[in-house]
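Asks: Listed below are the residues making up each chain.
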Amino acid sequence: MIAAICFYIFATILVGSAIMVVFSKNPVHSVLFLILAFFNAAGLFVLLGAEFIAMILVIVYVGAVAVMFLFVVMMLDINFTELRKGVQDYLPIGLLIGVILMVEMIFIVGGWHMSDGIATIILAPTPPLSEVTNTDAIGRILYTDYIYLFQIAGLILLVAMIGAIVLTHRKRAGVKKQNIGDQVRRRRGQAYEAIDVKPGQGI
Amino acid sequence: MLEQFPNISIAYGEILLSLGALVLLMVGVFKKDSVNLVSWLSVGFMAIALCLTMATPTVQTYTFSNLFVADDFTQYMKMLVLVAAALAVIMSREFFKLEGDERFEFPVLLVLATVGMMVMVSANDLMSLYMGIELQSLSLYVLAAFKRDSERSTEAGLKYFVLGALSSGILLYGCSLIYGFIGSTNFSSIGNVISNYGDHGAPIGVIIGLVFVLAGLAFKISAVPFHMWTPDVYEGSQTPVTAFFAVAPKVAALALLARTLYVPFGDMSASWSQVIIFMSVASMILGSFAAIMQTNIKRLMAYSSIGHVGFALLGLISGTSEGLRGLIIYMTIYLVMNVGMFVCIMSMRRKEDGMVEDIKELSGLAKTDPPLAAFISIFMFSLAGVPPLAGFFAKWYVIIPIVRDGNFILATIAVLASVVGAYYYIRIVKLMYFDEPVEKFISRKSYPMKIIVTLSALLVLAFIIPQVSNPVLEGATAAAQGLVSQ
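Protein chains in written order, with our numbering: chain U, -3 to 199; chain F, 460 to 945.
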C-alpha cells in the first residue's frame, strides 16, 4: 500500500519535472528540474529494490552531470530562446519518433527469450536479494572476480588524467603565485614611499 | 567468504610495468629536468618486464577468473611488443633533445600503452579485450597529439581520437551482441557454446556481433576498409610516435585478432574467413597502389604498413598453425625492418629546417651520406620483399600455407601486390643513387641510434643464415602451436 502510494508520488513528480525540463523558460530552472527528476527516478529504483543504481544515479547524475550542466548553462552564453524556436514545427515528428521507439521497446520486451543453457554458463550468478544486498553482491565480484578489470579501469582513468594535463597544462611566464615567505619577509620600506607633496602641485 | 587469491605470477610483467608507470610519474613530477632519467628508467622497467615475461611458464595458464591467459603465444607476442616499445623510447631520446620539447610524460604514456597492449595480447574475455584496447588507444591518442603547438599533430590526435572512439563503439556493439546471444563474455565459454551449435550454425546475431568485433579490430590494425586514419595520423604525429604506432599496436592488435578468431570463434571459420580474405586482399592492393603517389616519407610508411598488415592477415586465412606461424614471423621481421627504417627517417634533418619528410630530400643521398643511403636501401629492399633479405622470408612464410591450401588466386594476388609495392620502395633507392644530390643532412646520431640501425640492418641481411633465423622460426612455431592447440 505504502509502496504503491510512493510509486505514484515519485512517478508523477518524475514525469512532471521531466516535462518541465523541456518547457521551462529559464535554462537554470530546466537543470534544477532535471535534478528533481533524477532524485525521483532514484526513488523509483529504491522501490524496485535496486538501491545501488539509486545511489549511483544520485551520485553520478546529480553530483556530477547535473552540476556540470549547471556550470555550462551559467558560464556559456547560449541563446536558449533561439534554440527553442522550432519546437512547434518539429513537435509532430518528435512525437512520432517517441511513439515508434515505445512500440519497438514493447516488441523487444514482448519477444524476450533466453537461449537454452544460459543458466549453466552464466559468469556471476546473482544471489537472492534476501541473502545479500545488491551493493554487497556487486562489491563481492567487483573486488574479487573482476579485480583485474577494476585495476585496468583505474589505469585508464590515470591515462585520461595524464593526457588532460599533457595536452593543456603550460608553464606560463609571469604567473603570479602566492609566496608566503616573500610576503612575510617584506619590510615597510618596500611597500610604500613617503613623498612630501607641496600644496597645489601634485606629484 | 574468502576468495582464492589470484595467481599473479604469470602477470608479473604487466604488474611491474603498471607500478613502474606510477614510479616514473612520481620521479618526473618531483625531480626537476628528469626526462632523461625517466626515459631510461622506463626502458629498464621494460627490460625487466621482458625478462619476467620470458620467465612465465609456457604451459597455458589462466588467472584472474579466466580473464587473463598466458601461453607460448602471449609470451612471444608480448616480447615483440616490449622490444618495440623500448626501442621507441630510446629513439625518442635523440629526437626530443634536438626538438627541444622534452616532457617526461612521453615515456610514462608509452609504458601505460604497453601495459594496455600486454593486456590485449593476454585477453581471454571480451571484457579484458575491451579494457586492453581502451588503455592502449587512450594513451596513443595523447601521444599522437603530443606536440600540442603543432596544428598537424593536434589534427592527428583529434582524428585518431574521433575515429578510434567510433571503432570502440562498433567493437562494443559487437561484444554486446555476442554476449546477448551467447550469454558469456569468456572466450572459452563462447567457444564451447559455438561448438555446440553443430550443423544448424550460429544464430545470425552472433555472426553480426563477430563482424562488428572484426570491424573494430580492423580499425586498430588499420586494415582496409578501416584504414583512413592511418596516413594522416602517421604524418601528423612526431616521428618517434609514428615509429611506435607502426609496430607495437599492430602486433598487439593482430595477436588479439588471432586469438579472437581461433579460440572463441574457431568453429565459425567459414563465417569469418571471407571477411579476413577481403580485408587482406584490399589492404595489399591499396597499400601497394596508394603508396605510389605519396611524396611524404611518413605517409609512404603508413601505406606500406597497410599493405604489410594485408600480408600478415594472409596468415590467418588458413586457420592452421602453419598460417599463424607465418603471421608471427611476419610481425617479427616487420618490427625489425620498421624500427631500422624509422631510425633512418629520423636522421633526415637539416640545420635550419629541422625534420624534413619529403621523399625528394633523399635525392643523391648516396653521394652526401653513403652509410645512411646504404641502410635505407637495405630496409627498402627488405620491405619490398627482395630475396635474400628478411622481408622476402616474411612473405614466403605467409604465402606458402596459402599455396598448400590450394588457394592459388590469393597467392597470385599477394605476389602481384608485392611486385607493385616493390616499385615505390625501389624508387627511393633509385632517387638516392641516381639523382642529383641536394643539401646534406646534419650527421648527428647518438650511439643508441647507431646500434639500433646497425643491428636491425644486420638482422635483415643475415636472416637467410639458419643460425639467425632458427630462434625466430622455433619461437614462432611454438607460439603458433600454443594458440592453435587450444
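Calculated from the structure, these hints are not laboratory results.
By construction, the Cβ of each residue, glycine as well, lies at the ideal position given by its N, Cα and C atoms.
Among the hints, erroneous ones may be present.
[What the hints assert, rightly or not] According to the in silico footprint, chain F covers these stretches of chain U (three or more CB under 8 angstroms from chain F):
| hint | segment |
| --- | --- |
| 1 | 17 to 23 |
| 2 | 151 to 159 |
[Stated by the list, open to error] Okay, derived cross-link-like pairs now, SDA-like style, lysine to any residue, Cα gap no bigger than 25 angstroms in a straight line:
| hint | chain 1 | residue 1 | chain 2 | residue 2 |
| --- | --- | --- | --- | --- |
| 3 | F | 491 | U | 176 |
| 4 | F | 490 | U | 49 |
| 5 | F | 490 | U | 67 |
| 6 | F | 491 | U | 166 |
| 7 | F | 490 | U | 64 |
| 8 | F | 909 | F | 495 |
| 9 | F | 556 | U | 168 |
| 10 | U | 172 | F | 489 |
| 11 | F | 556 | F | 609 |
| 12 | U | 173 | F | 609 |
Asks: Find the hints from earlier in the document that the structure breaks and name them by number, from lowest to highest.
Replies: Violated hints: 1, 4, 5, 7 and 12; rest satisfied.
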